[in-house]
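Assemble the complex: chain S is given as a structure, and chain H must be docked to it using the hints.
Which chain is which? The protein sequence lines are S and H, in order. According to our numbering, the stretch in the first sequence is residues 1 to 260, in order. According to our numbering, the stretch in the second sequence is residues 1 to 290, in order.
Pair by pair, the computed Cβ-Cβ distance ranges are:
1. S:11 - H:95: 50 to 56 angstroms
2. H:158 - S:100: 41 to 47 angstroms
3. S:100 - H:138: 46 to 52 angstroms
4. H:95 - S:5: 48 to 54 angstroms
5. S:95 - H:124: 21 to 27 angstroms
6. H:34 - S:175: 30 to 36 angstroms
7. S:169 - H:254: 41 to 47 angstroms
8. S:154 - H:139: 35 to 41 angstroms
9. H:186 - S:154: 19 to 25 angstroms
10. S:11 - H:158: 30 to 36 angstroms
11. S:169 - H:256: 44 to 50 angstroms
12. S:116 - H:83: 51 to 57 angstroms
13. S:172 - H:147: 23 to 29 angstroms
14. S:11 - H:40: 55 to 61 angstroms
From chain S, some residues computed to sit far from chain H (all C-beta separations above 12 angstroms):
15. 9
16. 22
17. 30
18. 58
19. 72
20. 83
21. 87
22. 99
23. 100
24. 109
25. 188
26. 217
27. 222
28. 240
29. 247
What the hints contain is simulated information worked out from the structure, not anything from laboratory work. This one's a predicted model, so the numbers in the text were calculated from it and none came from an experiment. Glycine included, each C-beta is placed from N, C-alpha and C at the ideal position.
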Amino acid sequence: MKSDRLVAFAKAACLPAAIVIVWALVTETGSVPAYVLPSPHAVLATLIDFFFGGSSQAFSGKFMAHFVQSLYRVVGGFACGAILGIPLGIVLGYDRKIGAFIEPTIELSRSIPGICWLPLALVWFGIGTGTSIFLIALGSFYSIFLSTLGGVRYVNPVLLRAGRSLGATESSLLYTVILPAAFPSILSGLRLGLSYSWIYMVLGEFTGVNYGLGALLLQSRDTMDTPLIIGLMAVIGVLGVISDRLMLLFMTTILRMDVR
Amino acid sequence: MTGVVAANMPVTTIPRSQDRPAKISFRNITKEFVSKARGPSTRALDGLSLDIAEKDFVCLIGPSGCGKSTLLNLIGGFEHATSGDVLLDGVGVTGPGPDRGVVFQEGALFPWLNVLDNVCFGPKRLDVPRERYLEEAHAILEEVGLLPFAQHLPTELSGGMRQRVAIARALINHPPVLLMDEPFAALDPQTRVLMQEMLLRIWEHDNRTVLFITHDVEEALFLGTRVVVMSSRPGRILKDVRADLPRPRDFSVLGHPEFVKVKAELFTLVREQTIAAAADASSSVRSVRA
Numbered sequence: 001m002k003s004d005r006l007v008a009f010a011k012a013a014c015l016p017a018a019i020v021i022v023w024a025l026v027t028e029t030g031s032v033p034a035y036v037l038p039s040p041h042a043v044l045a046t047l048i049d050f051f052f053g054g055s056s057q058a059f060s061g062k063f064m065a066h067f068v069q070s071l072y073r074v075v076g077g078f079a080c081g082a083i084l085g086i087p088l089g090i091v092l093g094y095d096r097k098i099g100a101f102i103e104p105t106i107e108l109s110r111s112i113p114g115i116c117w118l119p120l121a122l123v124w125f126g127i128g129t130g131t132s133i134f135l136i137a138l139g140s141f142y143s144i145f146l147s148t149l150g151g152v153r154y155v156n157p158v159l160l161r162a163g164r165s166l167g168a169t170e171s172s173l174l175y176t177v178i179l180p181a182a183f184p185s186i187l188s189g190l191r192l193g194l195s196y197s198w199i200y201m202v203l204g205e206f207t208g209v210n211y212g213l214g215a216l217l218l219q220s221r222d223t224m225d226t227p228l229i230i231g232l233m234a235v236i237g238v239l240g241v242i243s244d245r246l247m248l249l250f251m252t253t254i255l256r257m258d259v260r
Numbered sequence: 001m002t003g004v005v006a007a008n009m010p011v012t013t014i015p016r017s018q019d020r021p022a023k024i025s026f027r028n029i030t031k032e033f034v035s036k037a038r039g040p041s042t043r044a045l046d047g048l049s050l051d052i053a054e055k056d057f058v059c060l061i062g063p064s065g066c067g068k069s070t071l072l073n074l075i076g077g078f079e080h081a082t083s084g085d086v087l088l089d090g091v092g093v094t095g096p097g098p099d100r101g102v103v104f105q106e107g108a109l110f111p112w113l114n115v116l117d118n119v120c121f122g123p124k125r126l127d128v129p130r131e132r133y134l135e136e137a138h139a140i141l142e143e144v145g146l147l148p149f150a151q152h153l154p155t156e157l158s159g160g161m162r163q164r165v166a167i168a169r170a171l172i173n174h175p176p177v178l179l180m181d182e183p184f185a186a187l188d189p190q191t192r193v194l195m196q197e198m199l200l201r202i203w204e205h206d207n208r209t210v211l212f213i214t215h216d217v218e219e220a221l222f223l224g225t226r227v228v229v230m231s232s233r234p235g236r237i238l239k240d241v242r243a244d245l246p247r248p249r250d251f252s253v254l255g256h257p258e259f260v261k262v263k264a265e266l267f268t269l270v271r272e273q274t275i276a277a278a279a280d281a282s283s284s285v286r287s288v289r290a
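Chain S on its own, in the form it takes in the complex:
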């Protein structure tokens, strides 16, 4: 059991290890200039400096300051997307008559790429947190809404028949059968929405705010600090994975949702 997981981990680690080795080889030998692709240990050193401080660089030891700002925007925007997307998905999934009025509009607006909203968001909310939260809410809303709607609308009809024949009324069917049956869909929508939240966080912070991981990413391009660019990319990726795992844990243990 345990050795199985170890083997799986070793298999998964093969490709990243190979990439790092090739990366180290081409950078340490000097065949690629350091400003184009810095060496792995230069990136690592920058990250250690970013997390724990130790140099006179502006970003030195400032991880928490940037992270807290980004987290605030991700959580705020994602919460807005979920608060809008879940109830709307439930209502429109449950009642096709209401859906007929609203769904086509949402479908149409969905075909506008999220990035196109950026200029308008800047006009409406100005540079900073407002724009970021708006973009994140927008980006996470569609996947949360659509997954919820699909989960509610396409509940296995035989489960509805079973519920009715066991004595559930039409109204109690919603929370005794439809919502529990739709839970896995809603969860996968939330996970997808959260990953979009990190993407749109970076986009929102590219507008020129002072603090935030995305903001720092843009600043490090201006200073041509390639080690920091690569380090931040890795940090944002890892944070995405961690937040996904945390949500999964929350859903399965606290809400006792059946994830399958």
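Leaving out everything else, chain H in the frame of chain S:
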């Protein structure tokens, strides 16, 4: 059943008149399905009438697509007849309800609930006091041999166990009528026989009215007090036989010469209908192509 019938003629064609009142009545039922994709409607049932007396165990057999599941869906309240009356105790059926327990082919257990909570789903909806339904759930899980699995999720059970939960879940509401739509069709033959014996044991104990859909002639004869054979589509009733084999029954009845003889007769009848259905299907395919 009379002693003479039981000894010499275990299976006879039953007279139309019944000594017990009809629990379920299908009166001149026509059911058409309109296919959006293919235009013309399909007539699944055409003027079918059938009375099921109280405490009858009626097994409905017939070729695939003959409308036997449709009949069950009509009395279950899941579908509505195009014309004709579907009556339960003389009153028209308008929708599903806990007075008709249903066991579906694939069990249709709620995958997010464990075995105990699946069984307790009905009484909770019907506001049965908690102490009472928990006690009943334990008794009924004991009866179907699943008490040790009360906390398991449906995905952790075998197909046979899932169907036992489905039966327990339907029975806990004490429905006067039990509707079963090929409940054992997906099980392996050994498990199926055990499930049939379990179902008979329960039925012989409480004698509720059962409508049991199957395509297995042997299963129908083994379980039923009455076996009704339907024609290929549009479904009509071809034969209606009383299965008066001695009770309580177990698998040893399968070797009874009379059982074997009637089983062969019914099998031939269903086979003819299946061939007719296949011929009908291929000719309609030809006419579409032409």
